[in-house]
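Read off the chains here:
Number of protein chains: 2
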Amino acid sequence: MNEYMRIAIEEAEEGVLHDHGGPFGAVIVHNGKVIARGHNRVITTNDPTAHAEMEVIREAARKLGRFDLSDCEIYSSCEPCPMCFSAIHWAKMKNLYFGCSREDAADIGFDDNFIYDMIRGTAEKEQVHTEQIERENCLKPFKQWESKSDKVPY
Amino acid sequence: MNEYMRIAIEEAEEGVLHDHGGPFGAVIVHNGKVIARGHNRVITTNDPTAHAEMEVIREAARKLGRFDLSDCEIYSSCEPCPMCFSAIHWAKMKNLYFGCSREDAADIGFDDNFIYDMIRGTAEKEQVHTEQIERENCLKPFKQWESKSDKVPY
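Which chain is which? The protein sequence lines are S and Y, in order. Letter 138 of the first sequence, counting from 1, is numbered 138 in this note's numbering, and no numbers are missing. For any residue, its number in this note's numbering is found by taking its place in the second sequence, counting from 1, and adding 154.
Think of the hints as simulated: they come from the structure by calculation, not from any bench. Keep in mind that a hint or two might mislead.
Under the rule of at most 20 Å between Cα atoms (straight-line distance), these lysine to any residue pairs were calculated in the SDA-like manner [stated by the list, open to error]:
#, chain 1, residue 1, chain 2, residue 2
1, Y, 305, S, 45
2, S, 94, Y, 280
3, S, 92, S, 70
4, Y, 246, S, 118
5, S, 125, Y, 246
6, Y, 294, S, 104
7, S, 33, S, 70
8, Y, 246, Y, 294
9, Y, 246, S, 46
10, Y, 187, S, 45
11, Y, 305, S, 109
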């Protein structure tokens, strides 16, 4: 078995055992070494964003002291939800390996298809009512950013 | 001007002023009161997930002591990226108000269209190579979860 995925599975099992959250684990590898391992902690932290992938991205970024993880790869015991999939892109990672599929996750009650459908524009029903307001006023900090001479682009 | 959005804008401006991150602010409102206000902190925390909306979701969840924010609404000075948009769904919020559009954000260098394209399956080029491995082994923690009698569904 793939050694990194073995650790991700171990993490998932730990999380279930200790009631931390859903059965999901993840690992980030840098130069062949595991620099972050973690699992879903939504229940124990009351943080709806505490998915396994988010946990390890934050930990790896903390350890390396940078938000650019382009020299890292991520192993997740399940196909990432759109939140985590996007975070992997923001972290600029180049490789993602996952185990179970989103259909496997839906089968045990973790269905993220409604979010995929919303993003794709194929949802029949909106969960979140979305409305644009105050655009002109909101453009002000954008102009402040643009005119900032010492900004850090990212 | 909408009072909640005024605070989100103030947050965005604070973030730019103190070099915390991009020009984005957000606010979460519960029973008419602001319970979380924050801004992008990607640069200062080195956390690629520290977008304004993520910051306020985590703070509101911490304050309320629950991951279900269905009685809260979120105001963001810019249209959320797919990561934050998904997080808003996981937090079960019912209302999202945003100011600038994703096109406005792209105009100042914050382009998330490549992620939308990936999720929609319309991307011409993959940033992240994605591969499924070890599915059978990864199903084990799922079975552990399913057979757990005292699990907290969420």
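Results of checking the hints against the structure:
1. Y:305 x S:45: Holds, at roughly 15 Å.
2. S:94 x Y:280: holds (9 Å)
3. S:92 x S:70: This hinted pair holds, its Cα atoms lying about 5 Å apart.
4. Y:246 x S:118: With a Cα-Cα distance of about 14 Å, the restraint between residue 246 of chain Y and residue 118 of chain S holds, given a limit of 20 Å.
5. S:125 x Y:246: Since the Cα atoms of residue 125 of chain S and residue 246 of chain Y sit roughly 14 Å apart, the hinted pair holds (cutoff 20 Å).
6. Y:294 x S:104: holds (11 Å)
7. S:33 x S:70: With Cα atoms ~15 Å apart, residue 33 of chain S and residue 70 of chain S stay inside 20 Å; holds.
8. Y:246 x Y:294: violated (28 Å)
9. Y:246 x S:46: Holds, at roughly 13 Å.
10. Y:187 x S:45: violated (23 Å)
11. Y:305 x S:109: The hint holds at about 12 Å.
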